[in-house]
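There are 2 protein chains.
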Amino acid sequence: MGVTAPIIAPHLIKPFMEKNFKLTVAYEGTNFRGWQRQSMGPTIQELLELAVGRVCAHPVTIHGSGRTDAGVHAQGQVASFKTTSPRSPAQILAGANTLLPREIAVIKAEEVDLSFHARFSARGKCYSYDFSSSPVRDPLTLRQAWPVGPNLDWAKLKLCFPFLLGERDFSSFQSKGSEVQSPVRSITHLELSFPGPRLARLYFYATGFLRHMARAITGTLYNVARGQLAPEDLSRILEARDRRQAGLMAPAQGLCLRRVYYEDWPF
Amino acid sequence: MGVTAPIIAPHLIKPFMEKNFKLTVAYEGTNFRGWQRQSMGPTIQELLELAVGRVCAHPVTIHGSGRTDAGVHAQGQVASFKTTSPRSPAQILAGANTLLPREIAVIKAEEVDLSFHARFSARGKCYSYDFSSSPVRDPLTLRQAWPVGPNLDWAKLKLCFPFLLGERDFSSFQSKGSEVQSPVRSITHLELSFPGPRLARLYFYATGFLRHMARAITGTLYNVARGQLAPEDLSRILEARDRRQAGLMAPAQGLCLRRVYYEDWPF
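Protein sequences appear in the order of chains A and B.
Those letters in the first sequence? Residues 1 to 267, by our numbering.
Those letters in the second sequence? Residues 1001 to 1267, by our numbering.
You may find that some hints are simply not true.
[Claimed, not checked] On the chain A side, residues computed to face chain B include the following (Cβ under 8 Å):
1) 28
2) 70
3) 73
4) 75
5) 95
6) 97
7) 99
8) 102
9) 104
10) 137
11) 138
12) 139
13) 140
14) 142
15) 144
16) 267
[As the list claims (entries may be wrong)] Pairs of lysine to any residue residues, derived as SDA-like cross-links and limited to a Cα-Cα distance of at most 25 Å, are as follows:
17) B:1019 with A:136
18) B:1108 with A:71
19) A:108 with A:136
20) B:1108 with A:117
21) A:19 with B:1136
22) A:108 with B:1108
23) B:1108 with A:87
24) B:1158 with B:1108
25) B:1108 with A:82
26) A:108 with B:1191
27) A:108 with B:1142
28) A:108 with B:1019
29) A:108 with B:1156
30) A:108 with B:1197
31) B:1108 with A:31
32) B:1156 with B:1108
33) A:82 with A:117
34) B:1108 with A:151
35) A:82 with A:133
36) A:108 with B:1130
37) B:1108 with A:135
38) B:1082 with A:136
39) B:1108 with A:197
40) B:1108 with A:137
If you are wondering where the hints come from, they were derived from the structure by calculation, not from laboratory data.
Just so you know, even glycine gets a beta-carbon here, dropped at the ideal spot from N, CA and C.
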């Protein structure tokens, strides 16, 4: 009888253990066609997959917590992917950052439980929207703020918050082409701050965002702050469940995905 | 005898009255070869002269308060020019901004006394220098901050201030090719602030800046904050009057000309 040698040497088995990684990613979105892989021009997902795939030495599929539009920025987008590569989180972070264009950076890489999924595990998100209230265009913020001039009534804009907070049907603030089934989302917190002279920042905390929702709400709040709509009009707009009832869509460059929350969602 | 008609009709005389204008100019310097007109690529001065010249309908020479290097930004550069055009300050501002690339904006235009000169009338200037202390590169500040990582000792950097304040010979912080006769300048105020998470900002107020002076001082302070030089070394460096004794030159993108002071210089 004797002993039969194993067909696969044991040292070859270990690399095939599947691992799951969570990446926190920042990007300056001006030069990209948004998050999601597509045929027209470079996207964050595509460039990340190319970089991480090279570090892992096999093609990877990277799932984001959600898409961001062309021109939208992120300080804390989250993505996850599975790999059989023996690379450590530190090696993936350093390797990917070497291969990525400088407008994209992996700012954190962690090994996580196999059940984690950047999109399906997400509990909530925070977006910010920056307005430049400079009377003339401000070259130093043009890539990251919407130039709205000095005549916005910020107090009036804040009067809109109660109409938006809570669990609501946001169909009126959703663009066509969304994948999602339900248009119900919860906005749990809204905040307006002034982080610099002639700069206003609106924070949105919500359990999720429909397609173009943050930008459609921002544009409608702008209409209120300009006096073209009243804060009370938001009730009517929400009830109509019709995108045409809402205001304009704010341009992409002011929007930034600040953070995606998982177990740490404070609301 | 009779009356002889004047050779020049009186309505043609008025437009030739010379007027002097002061412009306050902001720019995102990344894509330009600095302030001063030159053969290699677009400069702020050249583009301003083209735009203002078209508005005034004759070629103009625009004098800046001083040059800024390629890649350096400005929030309040000041320039002056003389014109015989009947255009109002508001017309010059609006007209020039229509013709300028969006990275350059005239944020204020004023008619001033004929004796005013953006450079010779200046009493002092404020520059700021931004450092990003993010552990990984930060895509959202890459055009306007120097990524120095998280390990700078900011308290040690501040210990350098007393060595730099006051009227001194700054030859050691001057690059060759300067036009100026005297290397003596007064730094009247230095300030370090932290306007955002992982962002440090150093303000310089001085009666004038030699060529590359703000960047050479910033680079040397960086060397101190990294532990490569001691604060006391600044005495030795200043006394040596030798550029080779100072530290490295900080990159252009962190520097921003905040304001030029005339009669309103507070020191």
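Cross-check of the supplied hints:
Checking residue 28 of chain A against chain B: minimum C-beta separation of about 4 Å stays under 8 Å; hint holds. With a cut of 8 Å, the hint placing residue 70 of chain A at the interface with chain B is violated, because the nearest CB-to-CB distance is about 16 Å. Taking 8 Å as the C-beta cut-off, the interface hint given for residue 73 of chain A holds, the closest approach to chain B being about 6 Å. For residue 75 of chain A, the interface hint holds, since its Cβ comes within 8 Å of a Cβ in chain B; the closest pair sits about 6 Å apart.
The beta carbon of residue 95 of chain A comes no nearer than 13 Å to any beta carbon in chain B, farther than 8 Å, and the hint placing it at the interface is violated. For the restraint placing residue 97 of chain A at the interface with chain B, the shortest Cβ-Cβ distance is roughly 6 Å, inside the 8 Å limit, so the hint holds. For residue 99 of chain A, the interface hint is violated, since its Cβ never comes within 8 Å of a Cβ in chain B; the closest pair sits about 13 Å apart. Taking 8 Å as the C-beta cut-off, the interface hint given for residue 102 of chain A holds, the closest approach to chain B being about 6 Å.
For residue 104 of chain A, the interface hint holds, since its Cβ comes within 8 Å of a Cβ in chain B; the closest pair sits about 6 Å apart. Look at residue 137 of chain A: its Cβ gets to within about 5 Å of chain B, closer than 8 Å, so that hint holds up. Given the 8 Å rule on beta carbons, the hint for residue 138 of chain A holds: about 6 Å separates it from the nearest Cβ of chain B. Against a cut-off of 8 Å between C-beta atoms, the interface hint on residue 139 of chain A holds, since the closest Cβ of chain B lies about 4 Å away.
Using the Cβ-Cβ criterion of 8 Å, the hint placing residue 140 of chain A at the interface with chain B is satisfied: the shortest such distance is roughly 6 Å. Given hint, residue 142 of chain A at the interface with chain B, holds; its Cβ is 6 Å from that chain's nearest Cβ, closer than 8 Å. With its C-beta approaching chain B no nearer than about 7 Å, residue 144 of chain A sits inside the 8 Å limit, and its interface hint holds. Among the interface hints, the one on residue 267 of chain A is violated; its C-beta lies about 22 Å from the nearest C-beta in chain B, farther than the 8 Å criterion.
Restraint check: the Cα-Cα separation between residue 1019 of chain B and residue 136 of chain A comes to about 24 Å, which is no more than 25 Å; the hinted pair holds. Distance restraint check for residue 1108 of chain B and residue 71 of chain A: the Cα-Cα separation of roughly 29 Å exceeds the 25 Å cut-off, and the hinted pair is therefore not satisfied. Pair hint residue 108 of chain A plus residue 136 of chain A does not hold up; C-alpha atoms about 38 Å apart against a cutoff of 25 Å. Distance hint between residue 1108 of chain B and residue 117 of chain A is unfulfilled; the C-alpha atoms sit about 51 Å from each other, more than 25 Å.
Using a Cα cut-off of 25 Å, the hinted pair residue 19 of chain A and residue 1136 of chain B holds, with the two alpha carbons roughly 24 Å apart. Taking the CA atoms of residue 108 of chain A and residue 1108 of chain B, the gap is about 43 Å. The hint is violated against a cut of 25 Å. Of the pairs offered as hints, the one joining residue 1108 of chain B and residue 87 of chain A is violated, with about 55 Å between alpha carbons and a cut-off of 25 Å exceeded. Of the pairs offered as hints, the one joining residue 1158 of chain B and residue 1108 of chain B is violated, with about 34 Å between alpha carbons and a cut-off of 25 Å exceeded.
Annotation: proposed proximity of residue 1108 of chain B to residue 82 of chain A is violated, straight-line Cα distance about 55 Å (limit 25 Å). Between residue 108 of chain A and residue 1191 of chain B, the direct Cα distance comes to roughly 32 Å. Violation of the 25 Å bound is thereby established for this hinted pair. Distance check on the hinted pair: residue 108 of chain A and residue 1142 of chain B sit about 18 Å apart at the alpha-carbon level, within 25 Å; holds. With a C-alpha separation of about 58 Å, the suggested pairing of residue 108 of chain A with residue 1019 of chain B is violated against the 25 Å cut-off.
This hinted pair does not check out: residue 108 of chain A and residue 1156 of chain B have alpha carbons roughly 29 Å apart, beyond 25 Å. Of the supplied pair hints, the one linking residue 108 of chain A and residue 1197 of chain B holds, its CA atoms being roughly 16 Å apart against a limit of 25 Å. In summary, the hint linking residue 1108 of chain B to residue 31 of chain A is not supported, as the alpha carbons are separated by about 30 Å, beyond the 25 Å threshold. Proximity of residue 1156 of chain B to residue 1108 of chain B is assessed by CA-CA distance (about 39 Å); at most 25 Å being required, the pair is judged violated.
Annotation: proposed proximity of residue 82 of chain A to residue 117 of chain A holds, straight-line Cα distance about 10 Å (limit 25 Å). Restraint check for residue 1108 of chain B and residue 151 of chain A: the C-alpha separation of about 18 Å stays at or below 25 Å, so the hint holds. Taking the CA atoms of residue 82 of chain A and residue 133 of chain A, the gap is near 44 Å; set against the 25 Å cutoff, the hint is violated. Restraint check: the Cα-Cα separation between residue 108 of chain A and residue 1130 of chain B comes to about 23 Å, which is no more than 25 Å; the hinted pair holds.
Restraint check for residue 1108 of chain B and residue 135 of chain A: satisfied, since their Cα atoms lie roughly 10 Å apart, inside the 25 Å limit. Note on residue 1082 of chain B and residue 136 of chain A: the hinted pairing holds, with a Cα-Cα distance of about 23 Å set against a maximum of 25 Å. This hinted pair checks out: residue 1108 of chain B and residue 197 of chain A have alpha carbons roughly 16 Å apart, not beyond 25 Å. A threshold of 25 Å between alpha carbons decides the hint, and for residue 1108 of chain B with residue 137 of chain A the separation of about 11 Å falls inside it, so the pair holds.
Consistency with the previously given hints fails for numbers 2, 5, 7, 16, 18, 19, 20, 22, 23, 24, 25, 26, 28, 29, 31, 32, 35, ordered from lowest to highest.
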